[in-house]
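A.B. asks: Next come the chains, spelled out residue by residue.
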Amino acid sequence: NAGVTQTPKFQVLKTGQSMTLQCAQDMNHEYMSWYRQDPGMGLRLIHYSVGAGITDQGEVPNGYNVSRSTTEDFPLRLLSAAPSQTSVYFCASRRTGATRYGYTFGSGTRLTVV
Amino acid sequence: SQQGEEDPQALSIQEGENATMNCSYKTSINNLQWYRQNSGRGLVHLILIRSNEREKHSGRLRVTLDTSKKSSSLLITASRAADTASYFCATAILTGGGNKLTFGTGTQLKVEL
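If you read the sequences in order, they're chains A and B. 1 is the number of the first residue of the first sequence in our numbering; add one for each residue after it. 1001 is the number of the first residue of the second sequence in our numbering; add one for each residue after it.
Hints may be right or wrong, so weigh each one.
Claimed, not checked - Derived DEER-like restraints, expressed as beta-carbon distance ranges:
(1) A:T15 with B:K1069: 34 to 40 Å
(2) A:R110 with B:K1110: 32 to 38 Å
(3) B:G1040 with A:S84: 42 to 48 Å
(4) A:S84 with B:R1060: 38 to 44 Å
(5) A:A2 with B:A1010: 30 to 36 Å
The set of hints was computed from the structure by calculation and includes no laboratory data. Being a predicted model, the structure only gives us computed values, none of them experimental. All C-beta atoms, glycine included, are put in the ideal place defined by N, C-alpha and C.
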């Protein structure tokens, strides 16, 4: 099993550009989420999905869009990149059964907005 | 806002010693989880303890949970250099859309030879 795959691993954007961070999992997990990690702030939830066609906002959703057309894929779109979005982005998934299972994380996308 | 706060922020020990990290949180939880992150890598799930459990073991890891004090501790026994990493606690709160996982700011553990 590949687990959770994120692409690209590194990206540099200019302010105002848009891009999509890809996330795919092959474990048939229904729950998927996006986090950003900034120094000294831990991980903060951006958006999450409890299944195909269902998404919801997390703690810091502004400037990001998501969609979930399949169980496997959960892309994160930056609409108009800003320097404040410079961060490391992690996608995570888990099985159903909220009280039992931990999350599987991807290896991250390091994004720099200049 | 952060739900969990780890203490200490940084910890340096010698190989073979035990490492203890603490986590405090603010609201009622469904479960609490601990993750490890090696430098430049993603997070790896270590252990999950439910709100009705008090202690859990997994290999060299021992986790305790005190819901009355809203705190948890992670003990790594007989530490190894390979245990050098950041450790995060994460609290799961049930919502209408499943459960949301909220992370603390982490403890950086360094195990020296």
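A.B. asks: Decide, hint by hint, whether the structure agrees.
C.D. replies: Now the hints, each set against the structure:
Under the hint 34 to 40 Å, the C-beta atoms of A:T15 and B:K1069, about 46 Å apart, miss the expected range. The hinted window of 32 to 38 Å between A:R110 and B:K1110 is violated, with their beta carbons roughly 23 Å apart. B:G1040 and A:S84 have their C-beta atoms about 22 Å apart, which leaves the hinted 42 to 48 Å range violated. Look at A:S84 against B:R1060: about 40 Å separates their beta carbons, and that is inside 38 to 44 Å.
Under the hint 30 to 36 Å, the C-beta atoms of A:A2 and B:A1010, about 34 Å apart, fit the expected range.
When held up to the earlier numbered hints, the structure conflicts with 1, 2, 3 and fits the remainder.
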